[in-house]
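**Q** Chains A and B, in that order, give the protein sequences.
Residue numbers for the first sequence follow the numbering used here, so the first one is 1 and each next one is one higher.
Residue numbers for the second sequence follow the numbering used here, so the first one is 292 and each next one is one higher.
Since the hints were derived computationally from the structure, they do not count as laboratory data.
Incorrect hints may appear among the rest.
[Said to hold, decoys possible] Okay, derived cross-link-like pairs now, DSBU-like style, lysine-lysine, Cα gap no bigger than 35 Å in a straight line:
no.	chain 1	residue 1	chain 2	residue 2
1	A	138	A	223
2	A	226	A	138
3	B	312	A	223
4	B	312	A	226
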Amino acid sequence: MWTPEDVVGTLRERGELWEAAPGLVGLRGDVLRLHHALAQAIARLAAAETDDEWLVPAGLGFDTLVRAGYFQSFPQWLTAASHLSSDPGVLEWVATDADPAAAARRALAPADAALAPAVCYHVYARLAGRTLAAGRAKVLTAQATCWRHEGERLAPLGRGWAFTMREIVCVGSLEAVEAFRQRGMRRATGLAEALGLGGAVVQASDPFFAPTARGKALLQQLKVLKEELMLGGLAAASFNNHETFFGDAFGIRLESGAAAASACVAFGLERWTLAFLVAHGPDAGGWPVVD
Amino acid sequence: MSAPTARERFVAELVAWINRKLAPPGTVVDETTPLFAGGLINSIRILEIIAWVERAIGRRVADPEIRMDNFRTVERIAQVFVAEASHVDA
Numbered sequence: 001m002w003t004p005e006d007v008v009g010t011l012r013e014r015g016e017l018w019e020a021a022p023g024l025v026g027l028r029g030d031v032l033r034l035h036h037a038l039a040q041a042i043a044r045l046a047a048a049e050t051d052d053e054w055l056v057p058a059g060l061g062f063d064t065l066v067r068a069g070y071f072q073s074f075p076q077w078l079t080a081a082s083h084l085s086s087d088p089g090v091l092e093w094v095a096t097d098a099d100p101a102a103a104a105r106r107a108l109a110p111a112d113a114a115l116a117p118a119v120c121y122h123v124y125a126r127l128a129g130r131t132l133a134a135g136r137a138k139v140l141t142a143q144a145t146c147w148r149h150e151g152e153r154l155a156p157l158g159r160g161w162a163f164t165m166r167e168i169v170c171v172g173s174l175e176a177v178e179a180f181r182q183r184g185m186r187r188a189t190g191l192a193e194a195l196g197l198g199g200a201v202v203q204a205s206d207p208f209f210a211p212t213a214r215g216k217a218l219l220q221q222l223k224v225l226k227e228e229l230m231l232g233g234l235a236a237a238s239f240n241n242h243e244t245f246f247g248d249a250f251g252i253r254l255e256s257g258a259a260a261a262s263a264c265v266a267f268g269l270e271r272w273t274l275a276f277l278v279a280h281g282p283d284a285g286g287w288p289v290v291d
Numbered sequence: 292m293s294a295p296t297a298r299e300r301f302v303a304e305l306v307a308w309i310n311r312k313l314a315p316p317g318t319v320v321d322e323t324t325p326l327f328a329g330g331l332i333n334s335i336r337i338l339e340i341i342a343w344v345e346r347a348i349g350r351r352v353a354d355p356e357i358r359m360d361n362f363r364t365v366e367r368i369a370q371v372f373v374a375e376a377s378h379v380d381a
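Please build the complete structure, drawing on both the sequences and the hints.
**A** Set out below in structure tokens:
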């Protein structure tokens, strides 16, 4: 059994992993092929649930995050998307400054958009104001780069500032979304077992921002709204029942007029890659087939 | 007529407090009302209930004790946290 640090060290030495900045990792070679194969295995798992695949935008407006209560829940992770001022004078000043990076920092326009911290916010924004067809839960899937800045806790593959997330999202009745969440748990643990990764599902709560953190986390715990598949000490997948939180926030309704419930099953692909490498080593010759 | 037990008193006082402080107009909660159905209890109110229970039983409620099985109804909270003959200072 390898440690995550040994795996990362070996990949670094081979030139198959590098960091552009803390938490921003590049891959090539065998480890990239493995990463793609795992992404495809997880995409097939999602395809068993739905054929409605979305390519979501790379970022989203602050208005969507406001509506989702993001600034009350996880402001600590936010990565904003800004751009330089379009004023020609300012651009001239940046272009000719002896320290253009410092000048550019001062010339950034105020941000009004964020790099997506999760895939599913896009879904609620797209479904906002809609009424779902009778008896039909909406289920879809998307894979995207997500951004969460976790300060000093960044670690290559284990905890990236940017990382790849595959989500399957279900919007429907409370019963439908919980059944979907349970199916997702079974599918994810089945995949981990098939890959020889073992793992265990544990009850969890989100790291909500204080001062509302304790109440939100305890409510999640009490109602068993969040569980995680732990692989080698890291949550490689999470299974989340939001009840009607997003349905209420985005005006998504069932035919009865009641707010729709939602759930999502999320996979952190770099963590699956790391768990696989820890279990089977960094040498491709020792890897089981991923299918 | 015998005096109410500590648990009976706890139940009566918690039901009265929830109806006074937490229940929306037109909703009456009794000891068997499911507390977590229909959005009665949100993230603020769960903290208020826990704080009320802690004051009543004179000790902290540990996080692992905060499970649906222990907080489903007022009756269940009393069964879990108040011994039949205990002193309750609600």
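**Q** Output the numbers, in ascending order, of every earlier hint that fails for this structure.
**A** none
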